[in-house]
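Participant: Protein chains in written order, with my numbering: chain B, 1 to 357; chain V, 1 to 175.
Keep in mind that the hints are not guaranteed to be accurate.
Cβ-Cβ distance ranges computed for the label pairs, FRET-style [to be verified]: (1) V:T118 <-> B:N38: 18 to 28 Å; (2) V:Q8 <-> B:L352: 57 to 67 Å; (3) B:D51 <-> V:K86: 18 to 28 Å; (4) B:K287 <-> V:D139: 51 to 61 Å; (5) V:M166 <-> B:N68: 12 to 22 Å; (6) B:I246 <-> V:G116: 21 to 31 Å.
These are calculated hints, taken from the structure and not from any lab test.
Glycine is no exception: its CB is placed at the ideal position from the N, C-alpha and C atoms.
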Amino acid sequence: MSLEKFISDAISPWMKREGPDSDIVLSSRIRLARNLENHVFPIISNEQQADKVNRQIRKHYENQTYGNVGVLSYIDIDDLKPIEKRVLVEKHLVSPNLTEDPKYSGVLMSDEEHVSIMINEEDHLRIQCLFPGFQLIEALTLASGIDDWFEEKLNYAFDEQHGYLTSCPTNVGTGMRASVMMHLPALVLTQKIHRIVPAINQLGLVVRGIYGEGSEAQGNVFQVSNQMTLGKSEQDIIEDLRGVVIQLIEEERSARKNLLESSRIQLEDRVYRSLGILSNSRIIQSKEATKCLSDVRLGIDLKLIEGISNTILNELMILTQPGFLQQYAGEALSPDERDIRRATLIRERVKLEKNNE
Amino acid sequence: MYCQECQQRPATLHFTKIINGKKNEFHICEQCAKEKGDLIPGSNSFSIHNLLSGLLNFDQPLSDSNNPQPDKQVTQCDQCGLSYTKFAKIGRFGCPDCYKTFESKLTPMFKRIHGGNTSHTGKIPKRIGSELIERKKIDQFKQKLQQLIIQEEFEEAAKVRDQIRMMEKRFEGGS
Ligand SMILES: [Zn+2]
Ligand SMILES: [Zn+2]
Numbered sequence: 001m002s003l004e005k006f007i008s009d010a011i012s013p014w015m016k017r018e019g020p021d022s023d024i025v026l027s028s029r030i031r032l033a034r035n036l037e038n039h040v041f042p043i044i045s046n047e048q049q050a051d052k053v054n055r056q057i058r059k060h061y062e063n064q065t066y067g068n069v070g071v072l073s074y075i076d077i078d079d080l081k082p083i084e085k086r087v088l089v090e091k092h093l094v095s096p097n098l099t100e101d102p103k104y105s106g107v108l109m110s111d112e113e114h115v116s117i118m119i120n121e122e123d124h125l126r127i128q129c130l131f132p133g134f135q136l137i138e139a140l141t142l143a144s145g146i147d148d149w150f151e152e153k154l155n156y157a158f159d160e161q162h163g164y165l166t167s168c169p170t171n172v173g174t175g176m177r178a179s180v181m182m183h184l185p186a187l188v189l190t191q192k193i194h195r196i197v198p199a200i201n202q203l204g205l206v207v208r209g210i211y212g213e214g215s216e217a218q219g220n221v222f223q224v225s226n227q228m229t230l231g232k233s234e235q236d237i238i239e240d241l242r243g244v245v246i247q248l249i250e251e252e253r254s255a256r257k258n259l260l261e262s263s264r265i266q267l268e269d270r271v272y273r274s275l276g277i278l279s280n281s282r283i284i285q286s287k288e289a290t291k292c293l294s295d296v297r298l299g300i301d302l303k304l305i306e307g308i309s310n311t312i313l314n315e316l317m318i319l320t321q322p323g324f325l326q327q328y329a330g331e332a333l334s335p336d337e338r339d340i341r342r343a344t345l346i347r348e349r350v351k352l353e354k355n356n357e
Numbered sequence: 001m002y003c004q005e006c007q008q009r010p011a012t013l014h015f016t017k018i019i020n021g022k023k024n025e026f027h028i029c030e031q032c033a034k035e036k037g038d039l040i041p042g043s044n045s046f047s048i049h050n051l052l053s054g055l056l057n058f059d060q061p062l063s064d065s066n067n068p069q070p071d072k073q074v075t076q077c078d079q080c081g082l083s084y085t086k087f088a089k090i091g092r093f094g095c096p097d098c099y100k101t102f103e104s105k106l107t108p109m110f111k112r113i114h115g116g117n118t119s120h121t122g123k124i125p126k127r128i129g130s131e132l133i134e135r136k137k138i139d140q141f142k143q144k145l146q147q148l149i150i151q152e153e154f155e156e157a158a159k160v161r162d163q164i165r166m167m168e169k170r171f172e173g174g175s
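So that you can see chain V by itself, here it is in the shape it has in the complex (with noise of 0.2 Å):
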């Protein structure tokens, strides 16, 4: 198979990107993809420059009426000093600061890099995420206790009623 930039050298470099919803397969070679600056998961050699400049070309208009935050909010963050227009150079973030200042202009370009996904499901630091497990233990037993309510098993569910109890209680007495 060629490079299907150049026709020239054989294609080493095979992924797809999503672009408008939509799944475009590549096959280049390295040194096309060096050139281009494309963005080629999972190595450090290539730049996500033309994806982020096309991003923010088509900088979707977030501060409707119902968000009453000014743009100039995102176009730099405090903790790093690093501003989105660099951001979009570099297609690094400066610090995990970076991630809430610049929230609104992200979830497009996540979804692109990810498939569609914008939300985290893997796993939590165990210490210091320990909350946030524990509070999502409890709603997995919620939505259990729901359906147990559902399919009238009111014995069984009386018994996950009281194990949230339990955890609740647990969770706001460590808190």
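Isolated chain B (complex conformation) (with noise of 0.2 Å):
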């Protein structure tokens, strides 16, 4: 397969469209954990038990078509081989938590991949909703609808007091996760990144760093997320989120501008080198690799490098993750082989950019 098929068929075609503000937002997302009442949630059941709830879910929902998402496809978790799954995990379709212990467990899909509706991950359903660039009302007002069609056919375990009953206590309540992928290089390069986050946790949410193998937060890429799910209306957690997600564009692109006025040609300079070493590397690690995109795209995002897309960086820091690497190599590989297929997969990627001018 030639190398353009691979990607264009990887990447999920919700991540090939640009959204608002997408030169410091990669993307929203929402999710709402559903279950159903009368039935015992996923974590206690019995194989009899889970089989029930995913046909039930499935009778009124597989291959249905919900407005303009389109129509809706059914996987099951058995049916994948080990690199598939790693695959839709990679690809933030479904949880780890979904391929790990699966029981009759399954996703129902839009073809644009960005609704995915889990059945018997921790809960009965989770609903996710993936938009590109900063659209959490978007996210919220598709998840929500989608929510209501589910809720016509299967009646959802609730009561007054508690809201939506979750299996975890810390999703009850609304039982929704809403979070934004930001890329923030410019914060971590003048550290202003350790004073903000502990202001932003004063708030109730959560940042994290992701796309880290072990433990570091690689990419200068964060994951912002409300902590609380009781108490606070769907509206109110997203606006709040919102207002954070705000700051945190504006300090990101004025810290941009002032290293711009004051270190341009530094900033060129380390831009220029990751650059050299995407496009020259032989074995690159997933760290080097995923600081190397980072900079690259604060590039191309600040105009010092042209003609290279910058959907690069969401696009590869996806497709060098061990379970793509593997797909593409169709075979399985030893940690160093993945460094020399994920230095081959870069460089060809930059190459491809090249061409296309």
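From these two lone chains plus the hints, build me the complex, please.
Facilitator: Rendered as structure tokens:
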């Protein structure tokens, strides 16, 4: 398969669309946890009980069409090969939890892959909507609409006091987790992030670094999400999160501007060195790759580097993870082999851009 | 920023937790978070073992004189068979009924997780919650009516009163 075709197939269609503020916000996500009444939660259900829940949901919603989301196709986790499971996780379409211990577990997915509804994860239903850029309200509107549609045929576990009843007490109430993925290289470079993160925590929001293989926040990509799900309405939760994201965007933009004014040549040096590494290396570990990708993406956003599309960070962050590398190779790879494969894939991807110029 | 537990790896998890009514900040690495099994909201990979065990230990005296129900009532869920001890261990409810079964023990935990909140104020399911939605709407109108009366806007108040009557009629007729 050609690299272009592989990338095109591998990247979810929703990711190819450009969203608002996409120079900083990579994506917005809403996830709603729902359960059916009179059924035990997946954590203690036996095979028969899990199967019953799975059938009941699929009976009404498999291959059904919702608005302009299109048709929802069902993928059973047990039918997937290990690499295919890993790829779904790396694309953030399903949680690692769903693939680790599947019990009549699966996912109803739209063709664009921006809607994925997990069945028998920790809860009976996890409705997830992903949007490119900063589109929390749009994501909530869609998720809530799908939620209403599911509620037409399914009796949710709900009570007046606790709201939507979930398996984990951290999700009860709205059952909603709203999150935004942000690329914040200038706030990290200027170390402002250390001051900002504790301030955000004070507001009841969680900030975490993502894409680290081990313990580190790699690629300067952070996820900001709500911590509480009980006692506030969905709209209020989103508004609080949006307020913080807007501030972060402003801080990052102003930090970028200052860097450009005070240390332009150093910044140019940094992003071009990173581009050099990505264009030429033969062996690259994921940590170095994500660092360089972050630099190059910053270079593109600041117009220091031209002729490379700004989707390169999002694309390659996903494509250079172990599952995708092995899928591209068509075989299982050792960590050393992955580093070689990763370097090749990145080099070829950068070359593609230059050819298209 | 380094992890406050090991001081070695960079902190990648940042969150606050309310402990005894005070906000505490946490900055830790994934590894320490996993080892500690601490409460990390929005994540499946960590248990809330410590938090719940802590709550089990200071088990508040809920069976006071005005609560004649013996404590043993909340030790196991009839519906799913989950015991409270198991719940504290796995940090997950076994079924929707567990919320009722263990209700008397849950309030302090919800307060800690959800910034002091214990009751839902968000979305209500349209179909199964239609009665509740209607009831809440009537309550809102009644409050509005009260206010209008205080402000001596009687003409407007009369309109609202009629609306309430209509809603109540529909409500009773429908159920
Ligand atoms: Zn640590
Ligand atoms: Zn139960």
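Participant: Could you run down the list of hints and mark each one as holding or not?
Facilitator: Status of the hints after comparison with the structure:
1. Range check, V:T118 to B:N38: Cβ separation about 25 Å, and the 18 to 28 Å hint holds.
2. Between V:Q8 and B:L352 the beta carbons are some 40 Å apart, a value that contradicts the proposed interval 57 to 67 Å.
3. Under the hint 18 to 28 Å, the C-beta atoms of B:D51 and V:K86, about 23 Å apart, fit the expected range.
4. In this structure, B:K287 and V:D139 meet the distance hint of 51 to 61 Å, their C-beta atoms being roughly 56 Å apart.
5. Between V:M166 and B:N68 the C-beta distance comes to about 37 Å, which lies outside the given range of 12 to 22 Å.
6. Checked against the hint of 21 to 31 Å, the pair B:I246 and V:G116 passes, with Cβ atoms roughly 26 Å apart.
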